[in-house]
Every structure is written in structure tokens, then in C-alpha cells.
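J.: Below are the chains, spelled out letter by letter.
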Amino acid sequence: MSVTTIDYSKEAPVVEGQPSLRGLDDLIAKPIDEFPHRNWFIGLAITGTMLMIGAVSLGWLLWKGVGVWGINQPVAWGFDVVNFVFWVGIGHAGTLISAILFLLRQRWRTGIARFAEAMTLFAVLCAVQFVLFHTGRPWIAAIWLLPYPNQHGVWVNFTSPLMWDVFAVSTYFTVSAVFWYIGLIPDLATLRDRAKDGIKKTVYAVLSLGWRFSNRHWQHYERAYLILAGFATPLVLSVHTIVSFDFAVSVLPGWHTTIFPPYFVAGAIFSGFAMVQNVLIVTRTAFKFEHLITLDTIEKMNKIILVTGTMVGYAYSMEFFIAWYSGNLTEKFVFINRAFGPYWWAYWIMFTCNVFTPQLFWFKRMRTSLLVSFILAIFVNIGMWFERFVIVVTSLHRDFLPSSWGMFVPTVWDFGLLIGSFGLFFTLVLLFIKFLPAIAMSEIKAVVPGSQPAHHGNGAHHG
Amino acid sequence: MADTNLYAVTALFRTPDQIIAAAKGVKEAGYTRYDVHTPYPVHGMDKAMGLPETKLGFVTLAAGIMGAVGMISFASWVAAVDYPQVIGGKPYWSWPAFVPVTYEIAVLLAVLLTVGAMIAFFFKFPNISHPLHDTPYMKAVSSDAYGVAVRADDPKFDEKEVRDLLKRLGGEVSPVEFSEEFRTFRPRLFEPRFLLLLAGVALVSAGGGYVTWNKLMFMPPFDWMMMQPKAKPQTVSTFYADGFGMRLPVSGTVARGFTLYPYTITDRADSVGALMVNPLVPTATVLSRGKQKYLTYCSPCHGNAGRGDSRMNGQFPNPPTLHSDKVRQWPDGALFHVMTVGQNVMPSYQYQISREDRWAVVHYVRTLQRALNAQESDLQ
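Protein chains in written order, with our numbering: chain P, 2 to 464; chain C, 3 to 382.
Do not rely on the hints blindly, as some may be mistaken.
Unchecked claim - Far from chain C, by Cβ distances over 12 Å, these chain P residues were calculated:
no., residue
1, Ile-47
2, Met-53
3, Ile-101
4, Trp-219
5, Thr-284
6, Leu-330
7, Ile-350
8, Leu-402
9, Met-408
10, Ala-447
Claimed, not checked - Computed Cβ-Cβ distance ranges for the label pairs, DEER-style:
no., chain 1, residue 1, chain 2, residue 2, range
11, P, Val-207, C, Asp-166, 53 to 63 Å
12, C, Asn-7, P, Leu-371, 51 to 61 Å
13, P, Phe-357, C, Lys-141, 49 to 59 Å
14, P, Ser-404, C, Val-206, 29 to 39 Å
Treat the hints as calculated values from the structure; they're not laboratory data.
In this text, a Cβ means the ideal position worked out from N, Cα and C, and glycines have one as well.
With these hints in hand, go ahead and build the complete structure from the sequences.
T.: This is how it looks when you write it as C-alpha cells:
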């Protein structure tokens, strides 16, 4: 048997082959320049239908009130909060990829960062609609969500985790949007210069603010990008930490645990990467981005999914251990009830999809198989949705007094809004792919072999 | 120079090494108003151009400190000064709970101001009508070429010299001129079409605002909580089969704290009155309570002092004075009885005035009687 040594100091090339810079532009801008493929319209028809289902459910909700949902006492948080936490979680991958991996000098992020950031924005939008509408009267939600001077002399409560949540999610959305837009400016300018017809050119010209690729600008621009990445990094971690406070700061057994913040953050990264993986694999195949989003990238994503999935599995087990170790009877009951009570099936779907199936990624064959990656990523999404369901619903449905026990049965409107949120997400993704560059052109050019001066050597040496 | 249309002399280069060398060359030749344009940031270019370190970080620092200090002060003021509430038994100023919002606002402000300052002050953007825009030069550097532009207003500028220098450095030289449109364009604030647009926008937003806040918000489903469908006393209800908004107590039940009054209007006041004792002690609170109820419920007929001379005089059978010997000698219970079940044309007040309050009124009537028939012994 021959011994092969692998030199881990060598990075795999971010971009395979030797594409010319203009060739890269042509490839990345192809979906934008060309009339969309038939499949794009089919996709849009499907997601548009889902979006319409969501719109109808929303209209009915606004007309009748939150009573159309399955929530009641004791389960007063149902799909609304489950979906909110689910979507916010998905919204964590984008900024993680673009900010944390940027600071860690993970150059493989270049191909997927733009994409993931866009998905972050769309996911947070999906999430925000649920918290907004679960207030019942969202049109006057500003009264209790924002601290503004009013004639009642009433202020919001800054010591409430729900208030922290408002601040965290809106800050996260704003910062992610700014980060994304800043990254887009040079590419919008490139599109402006590629565009021929009037409207397209005007729109891209206005959006690019008049970017001129001047090095005097690049200098500030790069610094700003670094600063933003530096801020976004702790922000990513803070958002899901604060979302977990919504639960952990209460005194409900099943919610009141100190492991929640790290457990939620790991779960968020886990689900976010899975969603990025899904959309990525489809886009990569559909638009022939194979040498820009390399198999190596997909494998690395799978590794992160494996790591975070195992962390989540550790958290599940640790919760059980603590429930027993604490000697607290209610706590113990809640956890046994979670796994073996009326919602046992939700628990085991969660456990299987989040902990067991990702273990297949220990094998390189599995990590580098597109089909397996795609299917396991879907499993992770299902599992993570059920995780939130388990946390929210099973902790509530058995109240302290057996007389206040109840079950949560979602109504058709609950499902309508869930479907609608997926419709919204994928519609936005499709529109994004059509109208904006899905891969950051100016960033990928900078890591193409030979794109940096030889003596400074970056691309030239590693590539 | 001012009379020529020339904006800059530009040159395109094909490799990153060339552009670094070109930037160095132009700088060393002593030009200051030049710029390098590259499709992506080229490493080492800042050094080649001799650019000083960017000052953007100071904006971030200032904005971050502003956000953090501002937010924690605001939250402290709200929670401890302007709107103190006890939450979870914690002190009003429990600052650790303000950390999350403070952090978020610090980050938000730092990011927004950094980016805002960069775009507005460092870049002087938005500016979509720069002379370089839409030139073949710009179209090249926005994709795959690297360019140097030496501006015509550079103090050392001489068209031929610059062309020679750039050619020597290996570039494809081309001049960029101001377009005629660019030179003559003046934005006109008072152009009628622009004013019309402004007026239109103002009208639409005012109308939209009016309809939203004065009409839409009062229509279902946007109506306010006070406008929800509910049964009010004395109203017709379509919800209940009998059409009454008010409901009778469930048959066979009594409200908590309710005891049945055992006597009826046919019982004599003085005889059943002797069977009941006033449970209240005539303290100042009891008397003022009694006064309030008396003035509300009894004075319209009996008059403020109980003399039977109220403003109702003549419109209703005159009530006798409450200062008669008969009433003065009645036991407290007799007054209570009359109030509770009524007497002849005087209606019952047991549903309007609670049991407790009726006894308080008795005390008050007693005070009135004593005040109008004061004796010498009362002086002590």
C-alpha cells in the first residue's frame, strides 16, 4: 500500500481552470442578459402560487384575527413563532459566510457569499412577517414595538427579551442589507456598463450610485467591508442568542435552560447552511457555475453541516441529562414527555433528520455527492423546522396543572402561511437570480489565478 | 485649460503588474490629480499610489460610542426616571438588561454612519454623471482592464507629456472629453414639469395619509379595539335569542358576597328595623362615602339636607322631611329597610347602592339630623 501525503497548507483553488475576466462576467451575467429559460418561468409559477396561498391566508388572518390559527390556551405560540425562529435561523448562514468566513480568510466563501447573503435577507423577511402578524394588529404594532414619545407617556420595556428581539432582528436585517448592497455596488456598475438598452442601464446606473472602480474608492471600500464584517460577526451570534432568550429568560420548564444561546446559534448555522446548500446545488447546475462554485466548496459546507448538526445533537442530549441531573420533577416530566408524550413523532423526526442522517457526511463519498448533499440538506431543513415545533409546542401543551393541559392542532391557515413563506422566499430567490449577479464578480475576479500582482502573489501562488 | 473639453488622458493596461508599475510611474512623475481604475481591488495599489491610510475607522468609532452611550442613557432614563416599572422584582435601573439593546444600537449606528459617510463624503456619491461614465475606458475597467486617468486640471498637466509617459509605461492611451451635454447641463429647480411632479406627490401623500388615518383605520379589519363587537348594557343584541344585550344571572345562582334581604315592602320599617344593627362605625371615611351616595341617590328627592325641599319639588309626590321625630327615633335598621325595599312611592335602592354603602348613608342621614337639631350638649 502506498502512502499518500496530503499537503493541507495548500488551499484548493477557489476557481477552477483559467477563465478570463471578461469570460467570468459573461458567465455570471448570463442569467441577467438573456431571456430566462422556460424552467425559470415554471419555477416562478410554482413559487408564485405558493405566494398566493400565503397572501390569501394573510388576508383571512387580517380580516378575522389570529383566532383563525390553531393557537389557544395553553399553546398560545404555534406556527407563528415556530416559523419565525425557523426563518431567522436560516437567515444566519448568509452573514456567517460573508462575514465570519471573510475574517477567517476562508477564500472558498467567495463563490457563494453573495448568494447566501441574499438568502439571509429573504429569510429574515419571511421571519419578520410572522412576528409582525402574530401581534394580531400589526398596523398598530409600532405602538408597542418601538420606543417613541407618545401621548400616553408609555415606553417600551427595555428589560424584556421580546424587546431585545425587536432590536436584534431589525438591526440584523438592516446591517445585512447594507453589507449586501455595499458588496453589490461594483457588480451593479459592471452590469451598468454591460447593459445596452435604456431602462436596464438607468436602473443599474442609479443602483450603482455612480461607482467608477477608482482605487481611491476601493481603498475606503475595502476598509468599510472589513469593518462591516467585523461588526456583522458578533451580530450573527447575537441575533439567535437573543431569539433564544425569548424562551430561556422565561421560567417555563423546557425553555428555561442556559444551554439555549449556543444551542440556538449552532442550530441556526446548521439550518442556514442546509438551505444555502439546497439552493446552491440547484443554481450551480442550472447555470453551469461548476467551476465557480466548486465541489470543494460544497464539501466544506457539508463539513460545517456535520459539525453543527453534531453540536445540536449534543445539546439535545445535554438537555435530557440536565433534566435528570437537576432532580427537578417538572423538568424531568417535560423532557420525557417530549420524547415519549403525544408529540413523540415530532421529536423523533427532529432527532433523525438533525442528528442521525447528517452523520453520513463522515464519508467523503457522501460529502462530495451532489444528490446526497441535496437530500440530506432537505432533511436538515425538515428536522430544524420540527426542532422549533418541539421546543415551542411541547413545552407549552402540558401546563403545570393537568386541568390546563391541551393540544395544538394547526389549522389550514397555519399551513397556508407556512407555504406562503416558502413561496415568498423562493420567489425572491428566483427574482434575485434573474436581476442581480448571483456570484460576486468583483470578488471572484480578485481570487482568479493571476489576478494579483506577482510579487504580492495571492492568486498566482495558491491558485 | 478651462476652454478645452478635455477631462483626462487615460490609458488601459492588461495585467495587474503593469498597472502597479504604471501607478508608480505616474506618481513619481509628480502628478497628483490622477486615479487608477481596476475591476477589483488590486493588492499593493494603495502603496503604489502612496495613498494615506483611510480615516473611515474614526467615523465607525465615533458612531459606535455615540450609539452605545446614547442608547444606555436613553434606556436608563426611560426605565429609572420617566416610566419606572417593577419588573420581576428587579431594581428600576437594572442595567445588565439594557446590554442587548445597547449593543444592537451601537452596531446599527456604527454601520449606518460608516457606510453613509463613505458614500456621501468619501465617495461624494451618488453621482451618476461623471465624465468617465459611459466611456469605452470605463466599460473596459469595469470588466477586465486596468486603467490610469490623469486629469486635465492637474497642475503639471500637459497633454503630450502625459500621453508619452503613459505610452512608455505600456498603456493604450486615449483621451476622455467632457460631452457637450455634460458641460451645458444645469439642473433647473423651477421647471414646470418638476414642480407639477412635486405638487402631485404632495397631493397623493396628503390624500393617502388622510384616508389612512381618518377612514381606513376605522374600517374593518383595521378598526380599533374599542370598536369591537360586544354587548353593551341596555342595547339590543342579535347574538342572544331573547334579543337582550344584558343577561340575567344564571338561574339558581347568587353572586359572591350576596346575601338575600329577608324582609319585603310589606314589613313595617320600625319593627324589622329594630332587628338590624348598623355594622359600620361612623368614621370620617364612612361618612364621606355616605355623603357621596346620599347626594347622588337621595338628594334629588329629599334635598341636600333632607328637608324634602329638592329641585324635584312639585314634579313628584313630595317626600316627607327626614328630620321628623318619627324618623329621628327610628332605629338605623328602619332607614336601611326603606332604602332597601322602598316605601310607597319611593323606589327600592338595593341594586344601585351596595349594602355597605346603604349603611354608610344611614350614618350620613343621622349626621344631617343631628346638625339640624343641634342641642347644647353637642357643643362638647
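J.: Run through the hints listed earlier and report the numbers of any the structure violates, in increasing order.
T.: 4, 10, 11, 14
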